[in-house]
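Trainee: Sequence:
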Amino acid sequence: FPPIREVEFFVDLHPRTGPISESPYRMAPAELT
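For what it's worth, my numbering labels the leading residue of the sequence shown as 592, then goes sequentially.
Treat the hints as calculated values from the structure; they're not laboratory data.
One should not assume that every hint holds.
[To be verified] Restraint ranges, calculated between C-beta atoms of paired labels, are given here:
#, residue 1, residue 2, range
1, 621, 597, 22 to 32 angstroms
2, 599, 621, 20 to 30 angstroms
3, 615, 592, 24 to 34 angstroms
4, 593, 616, 24 to 34 angstroms
5, 593, 613, 22 to 32 angstroms
6, 617, 593, 33 to 43 angstroms
Note that the coordinates shown come from a computational prediction; the quantities given were computed from them, not determined experimentally.
The C-beta atom is built at its ideal place from N, Cα and C for all residues, glycine as well.
Please build the complete structure, drawing on both the sequences and the hints.
Mentor: What follows is the structure, encoded as structure tokens:
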């Protein structure tokens, strides 16, 4: 188990919502230079 820390972190979840899945942004090879 991880150690207990003073900082609390949580994510607010909304009813009837699913995870957001987006494809990664890809640049053309010409844009990388």
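Trainee: Next, verify each hint and record whether it holds.
Mentor: Each hint tested on the structure:
Distance hint for residue 621 and residue 597: a CB-CB separation of about 49 angstroms, inconsistent with the stated range 22 to 32 angstroms. Checked against the hint of 20 to 30 angstroms, the pair residue 599 and residue 621 fails, with Cβ atoms roughly 46 angstroms apart. As the Cβ distance of residue 615 to residue 592 is approximately 33 angstroms, the hint placing it in 24 to 34 angstroms holds. Checked against the hint of 24 to 34 angstroms, the C-beta distance between residue 593 and residue 616 comes to roughly 32 angstroms, which is consistent with it.
For residue 593 and residue 613, the Cβ-Cβ distance of about 29 angstroms falls inside the hinted range of 22 to 32 angstroms, so the restraint holds. In this structure the hint that residue 617 and residue 593 lie 33 to 43 angstroms apart at CB holds, the actual value being about 35 angstroms.
Checked against the numbered hints above, the structure breaks hints 1, 2 and satisfies the rest.
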